[in-house]
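S.K.: Build the full structure now, drawing on both the sequences and the hints.
Protein chains in written order, with the working numbering: chain A, 1 to 748; chain B, 1 to 159; chain C, 1 to 287.
FYI, nobody ran anything at the bench for these hints, they're computed from the structure. Be careful, since some hints might not be right.
[As the list claims (entries may be wrong)] Below, computed lysine to aspartate or glutamate pairings styled on DMTMM-like, alpha-carbon distance capped at 25 Å: (1) A:K123 x C:E42; (2) A:K123 x B:E22; (3) C:K257 x A:E613; (4) A:K740 x C:E262; (5) A:K746 x C:D237; (6) C:K157 x C:D146; (7) A:K387 x A:E420; (8) C:K252 x C:D241; (9) C:K257 x A:D666; (10) B:K82 x A:D23; (11) A:K57 x A:D88; (12) A:K622 x B:E125; (13) A:K622 x B:E124; (14) A:K740 x C:D256.
Below are the chains, spelled out letter by letter.
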Amino acid sequence: MALDTKSETRQFTVVGTRPLRPDGIDKVTGRARFGADMTAPGMLIGLVLRSPHAHAKIKRIDTSAAEAIPGVHAVVTRADFPVIGDNDFIADILDNCMAGEKALYDGHAVAAIAASSGAIARKALKLIKVDYEVLPHVTDVDAAMKPGAPVLHEGRANETVPEGMSSNVVARYEFGHGDIGAGLAGADRVLERTYRTEATHQGYIEPHACLAQMGPDGQADLWCCTQGQYMVRDTCAAILGLKQGQLRVTASEIGGGFGGKTTVFLEPVALALARKSGRPVKMVMTRSEVLRATGPTASSSIDIKLGMTKDGRITAGFAELRYQGGAYPGSPVEFGAMSAFAPYDLDHVKTVGWDVVTNRPKQAAYRAPGAPMAAFAVESAIDELAKGFGLDPLEVRLKNAAREGTRASYGVTYPAIGLEATLRRAKDHPHWTAPLGSNQGRGVACGFWFNFGGNTCVSMNIAPDGTVNVIEGNPDIGGSRASMSMMAAEELGISYDQVRTVIADTASLGLNDVTDGSRVTFAVGLATIEAARDAKREMCKRAAMVWGIEEDAVEWKDGAAHPAGPNAGSHPPMTLAEIAAIASNTGGPIAGHYEVNAEGAGVSFATHMVDTEVDPETGAVKILRYTVFQDAGKAVHPAYVEGQFQGGAVQGIGWALNEEYIYGADGTLQNAGFLDYRIPVASDLPMIDTVILEIPNPGHPYGVRGVGETSIVPPLATIANAVSAASGVRMADLPMSPPKVLAAIKGA
Amino acid sequence: MSRIHVTTTINGDPVEYLCDPEETLLDVLRDRLGLTGSKEGCGTGDCGACSVTMNGRLVCSCLVLGAEAEGAQIATIEGMAKGETLHPLQRKFIEHAALQCGICTPGILVAAKSLLERNPDPTEEEARYWLAGNLCRCTGYDKIIRAVMDAAAEMREAS
Amino acid sequence: MQYLAPTTLDDAVSMLAAQAGDCRVLAGGTDLLVRMRSGFAEPDAVMDIKRIGALREITTEDGGFRIGAAVSGAEMAENAALVAAWPGVVEAAGLIGSTQIQGRATMAGNLCNASPAADSVPAMVAAGAVARLASAAGTRDVAVEDIPAGPGKTNLKPGEFVASIFLPARPARSGDAYLRFIPRTEMDIAVVGCGVSLTLDAGGTCTAARVALGAVAPTVILVPEAAQAIIGTKLDDAALDALAAACSAAAKPIADKRGTVEFRTHVAGVLARRAATIAKTRAGEQA
Ligand SMILES: Cc1cc2nc3c(=O)[nH]c(=O)nc-3n(C[C@H](O)[C@H](O)[C@H](O)COP(=O)(O)OP(=O)(O)OC[C@H]3O[C@@H](n4cnc5c(N)ncnc54)[C@H](O)[C@@H]3O)c2cc1C
Ligand code: FES
Ligand code: FES
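M.R.: Given below as structure tokens:
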């Protein structure tokens, strides 16, 4: 749906303000119910037994001793799940939730128990005997690609993979245009470098949790923390052979997801245990299970070739990206290959991506999946070349920036976009020229994300007293209910307080895609606006009926129906509340709804700037100052837009500096806890300054773009560039942990 | 395995419960007493989502045994608002959008309240260090720190 | 599991003696409960020592301080006299975990957990602290550096536990400091730690010193060569270089998820230099 023509000059009354969020009080008083906060009468506790081996054949599982313990009501293994025929996507998810012939990573589920208490379940779990044949393993992406590497699966490579490669290489992607050789030939300098990033976890503070019940008639109910209750429904139904309409999934309040809750882990297992035991089953992961067995993002190894003239024009860009996405196909390398050069207007550009499997947990989406690693490589390379020529890194980016009409490296031609605006604002910002002390350095980098639309339904009910409920189907992770209420109020011309937005279970509203791809404020917002327009049309019709005039002689303004046009006559306007009050007499309840598979999400760009200080004696990097410049299209609730910018930037800071999956020689995860998986703490950080730019998205009536993901894309290179400025060493290997930085300084 | 009988005070209410010796105070609060406002993010003292005060000291309830609460004064997030009136910190958190998903919020509020009781005028750095044991993955802490500083200022004016 | 909560030292001693199975002392629980939760410890009983009044006190004794085994880091930081006398020890204990952990964690627990990375231990060793052990056989005093036997192991005898830790009286012009290296600013286990305690004469020359390192060997180590490098000097650059070199030479670390051998070896020297400088300043301020 297109941007309303008048939107650039439109004066919004609700959109753009900062009202209080509807779930605020519940969340500050402890009343809000998250995944683990639900109970059911007669509930059992479910626990999972996990593989201690990185790669092992499961020869036999003996559950008899566990089953004999009083209080144990059900034990399930893979044998309790149906065989999935020709749907690799679902078969992989099932195999990840409950291992089949092989355990493919440390932490892979091999059996589960439901018992009357957690203590009994823990005791029984230890009595399950699994006979493993330990196999050689591989956790590194480059090692896994080598011929002769331990193989996870045979025959999973698709037709894009050339003959003769390791079976761990499962897909190849290629994007670009022009002639790289010719482009590089025109450069004054060509930089070739390999960059590496370690896997990082979304690190949501709420572990996965669910409560399942299922009757012998196949009707089931599931309560869980998820980014998409419909995804849970459809996936669990496919895995367990249920009918989608028979399984009702209710999304709890969700304690963070960042992409990590866009798939299932416990849910099918809990349903299987509930089916077998005939009792409700609650399952909650421990933190160590979250880190070992849910989806971190991919680790990567990326070769860059970049040519630049001495005045800063990029003549050609080439990237070969290798991402391991854990034990199953599906690493986000395709997005990496598409997004790597997306901010730039290049004549010659090519990216090749390789999807590789290793003995690690199946990756899940993490905020702009695949893009941060690619941006780290490209933006570091640009910085290095620019510095080598003594050029201003912002000027170099401006010189090469994509703009409206640019053909992107991944094929599309951009409509109006905001990259240049973020760069110019960065250049004008006081941060750019603030003085620096010794051992301090400043860095900048850009980032891009596509943003998604997708299947969306919204219903809107007008109550007899003129208050409004918006019913949407996307879990609210960061204040989206507030944004929906705001857009509904804006469109209806009523106050924000008159609207309450609720999130429906899967039986109460049509299909909604998961809360991902920064799609919610865009797509659900769009559907909310259209549902409001639908309701307004109905209300105009009712007013026309009361006034005895034609429907099209009524228009909606400022929260009321007004007669309009030459033949309307004169009638006092009827407010929404007045129309609602007499709805029973004019045709019954008033509702609006809208169903769409939304397109036109509108790509988004950001430029980040950071000052760091590097301790030359220890390699410790301190973040001194950070500013985010990002295009939001239209910021519906600016405080939550800022929150997305800040949260993404800080996740990026963690990724850049200290977060990493550390595997031992035996292929087991060494740091499965928050003490050694080091997400940033409050004392690590300064305030994160934000500058919101508003270049309207032509695909949304108010100009809204997704904002949630782009903010994690620039930080990795931004910080690497600043570390280089502060210490003189170029860190091409993330995280830039103190031992690595110190080794680089001493080696320099 | 015999259960332990514990008599304690939670948010001013006299409370009695039976618990297993290895059960943590967090388990007791959540699973036995229905006080699910305290959250479990790790169970190992690393995230602070389970923060409560015990005899006025800020602790991780996941690292306290239920049995240890005998005779103690426990305060949880559920006791922070007085009836309909939110504590200034609670109000400021909503106003400043200092929560996104809100899972860290109860623990952070309990910890921040304990800070302001000891130090009504903390510097930003003091607030950041005091709250370093409370992980938040959504906000980057910026708005949390602003809300704490603003609540502190308001409480100083009021007193 | 049994939960024992004696209220006197005598009861504690006899309860512990009467336990046939695996009975663990529960101080702050910040190690023990984590180990129980992750299945690394499954004791038959825990004996909570926090109800023993005598173990919750900080008392002065012969010009020094006796710190009960159940005194938390937060309580130490609130004792102004202790902070003034042994700022390095208090800071080291104060580095353990978060505010929440501080409300519970004890130095005795830190010591008996016997992690080579324990923060308060190098500071205590540098301070010349002495642990008082209690058992049915009576009490005995043991230098803190002789308590840890290896990662997770102590030299305590069965039925014996730490009742208190004694920090001796300090001569005039003395100062101590503890520094650790961690990747974040909080909530990390030390990659390297270094405690320095020293005394200056009226002219500013170091007359006595003790230097201890954490996380560079199976236990916290006392490094007499490092102390020798600064005794008799005014902690000029040459002396500090020699101190750093002695610490790096004494470090015999392993590489693990927290740091490499090279990093730990190098940073041991860096921290020693910085800690000694702080200790010297503190000693000077006491003049
Ligand atoms: C989130 C977090 C962060 C941490 N950060 C740090 C850190 O930065 N630095 C650091 O050094 N440690 C850290 N720790 C570890 C721990 O907090 C410290 O080791 C603490 O000092 C332990 O003290 P406690 O009183 O809680 O010991 P407890 O857990 O009660 O006991 C520890 C061990 O010692 C034994 N024990 C306790 N008291 C006695 C006694 N009096 N006599 C004999 N045996 C005894 C117990 O049986 C147990 O085996 C951290 C822990 C957590 C959970
Ligand atoms: S749950 Fe207690 S600190 Fe994380
Ligand atoms: S608001 Fe989500 S973790 Fe803090």
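S.K.: Identify every previously stated hint that the structure contradicts and give their numbers, smallest first.
M.R.: none
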